Amino acid sequence: DAKTTQPPSMDCAEGRAANLPCNHSTISGNEYVYWYRQIHSQGPQYIIHGLKNNETNEMASLIITEDRKSSTLILPHATLRDTAVYYCIVRVANTNAGKSTFGDGTTLTVKP
Amino acid sequence: SAVISQKPSRDICQRGTSLTIQCQVDSQVTMMFWYRQQPGQSLTLIATANQGSEATYESGFVIDKFPISRPNLTFSTLTVSNLSPEDSSIYLCSGGDSTGELFFGEGSRLTVL
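Chains as they are written, first to last, in the working numbering: chain A, 11 to 122; chain B, 73 to 185.
By construction, these hints were calculated from the structure, which means they are not laboratory data.
Treat the hints with care, as some may be off.
[Said to hold, decoys possible] Residues from chain B that face chain A, not an exhaustive set, calculated with beta carbons under 8 angstroms:
id, residue
1, PHE176
2, GLY177
3, GLU178
4, LEU182
These figures come from a predicted structure and were not determined experimentally.
We put the CB at the ideal spot given by N, CA and C, even for glycine.
One chain only, chain B, in its complex shape (with noise of 0.2 angstroms):
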């Protein structure tokens, strides 16, 4: 299975602030998705993370609030911007291979005060 690499694991953030959470996987990974996991809820993707281009993003997610680059075929960022409450989640970075096939980093828990 491949290897996805978040980090930071956890954060504890000021409202207004930002958050950039990092992914890194490991070769075999050709698509990368970013989801969240808001307390108690299952997941929701946020957006794919395109190589070299803008993100596709999900009905109710936009790039001004939840921006994303992918520079290289296993790196991606997202980053959390103007953070408020609501955005205290559990955001998770995944990575599917050219089977289809999905495979999730450990997870980034942001906690925004």
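Isolated chain A, as found in the complex (with noise of 0.2 angstroms):
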């Protein structure tokens, strides 16, 4: 899997947009960018992935630049729930191989 480079922290202040970057230089052609939060004291949570072409579900909307190279969760109106720890991966789809390679992530503080 190719290696992923979050910033470490980040703010926001709540019911604004939250968004947060993730550099992905290495990434392959059959390789999608995953985003997943964590919450303290939960297991991984889902929250949306892509290839090329930019996403969008209920809970974000995911940015890739045309290189692919990097690539943006937009979290449109952040709440003080959201605040968690955000992992992008890239990895291989569709296959059964589905392990993933976890960096550090970024920790999203949303503030009153």
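From these two lone chains plus the hints, build me the complex, please.
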């Protein structure tokens, strides 16, 4: 799996958009970008994933640059409950591989 | 999404003993994995649990210390043997479905005294 680089921490005001960057300059053509988050004392939770097109679901949006070397996870209206560690992972999808290499992630703190 | 259930959710053990963690997944899951999360750290993959055969361990993890069983498609156990305080961590079971998506249990928090 390609390596990812994320800032160790970020703050965001409640109600504002949280934009979490991730660099993955060595990503391969068949690797997807996945985002998970881990709220304190819970197991990681899947957020969103994408290959090269931007993706949106009920939780977040994922913007992937055209060269696929970086991406941004956007939480459009952050709430206090979005305070968590956010992990960006790149790996092959649509196989039975499934195992992932987790980096250190970004600790997002949403402040009132 | 798949449902992953782990037990115990937490335990306190004496050094030199062993702890076995159980993981039950629903039928969507085809692959099962065990991760460790040491205090303040990210997740580290221990091994892939293979149904009916020996688990596939990652570098730095050995079967004698972390024996894993997976007798059927939806159940696996991880034993942490000969416990020392350095084994104090959260142990997470995860399951992958046929699309490669990954789901996690809530984790088992182990404290070794």
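Structure-inconsistent hints, enumerated in ascending order
4
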